[in-house]
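If you're matching positions, the sequence shown starts at 250 in our numbering and goes up one per residue.
Don't read these hints as lab results, they were simulated from the structure.
It cannot be assumed that every hint is accurate.
As the list claims (entries may be wrong) - The calculated SDA-like cross-link candidates involving lysine to any residue, where the alpha carbons are at most 25 Å apart (straight line), are:
1) K276 to K335
2) K260 to V380
3) K260 to R282
4) K361 to R393
5) K260 to Y344
Please read these numbers as outputs of a predicted model, since none were measured by experiment.
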Amino acid sequence: MLRYMIYTKHKQGTVSELLAASYFADKGYIVSRPIDTYQEYDLIIDKDNILSRIQVKTIYWDNSKSRYLISLVTSHIRGNGRRTNKKYHNNSFDYLVGIEKETYALYQIPIKIITGRRSMTVYPKGKPKTVNNRFNDFEQYRLR
């Protein structure tokens, strides 16, 4: 079961990375991927000789919280099968890009905004009127 969950998670991540790469390529960026997969970023984008490291995350619906979330940690499965999560730091990448696959909503958030957080709430299908002011509004980082 654990093997299936890991495969499914990586498959979803691959789809999100391809959607992000497609978005940036369509906007005129040169898009590259690191040769190894042990970096804390998934893509490198280049526009006008300015390079940015991009960490791509899939936006998902959390049933227990009844909202869309972006996980802001990197997960590793250890030899004993236990998952460990690590928060990103300021040098991990330049931008986090969150993708919601049903709506194709895309958020590009600078690392300095998310450093130290475990997750963030976004509204790919529109912000409900019931949302109170205790949640940070990350809609300003939505590109699509």
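Here is how each hint holds up against the structure:
no.	hint	result
1	K276 to K335	violated, 32 Å
2	K260 to V380	violated, 32 Å
3	K260 to R282	holds, 16 Å
4	K361 to R393	holds, 21 Å
5	K260 to Y344	holds, 22 Å
In terms of the numbered hints stated before, the structure departs from hints 1, 2, listed from lowest to highest.
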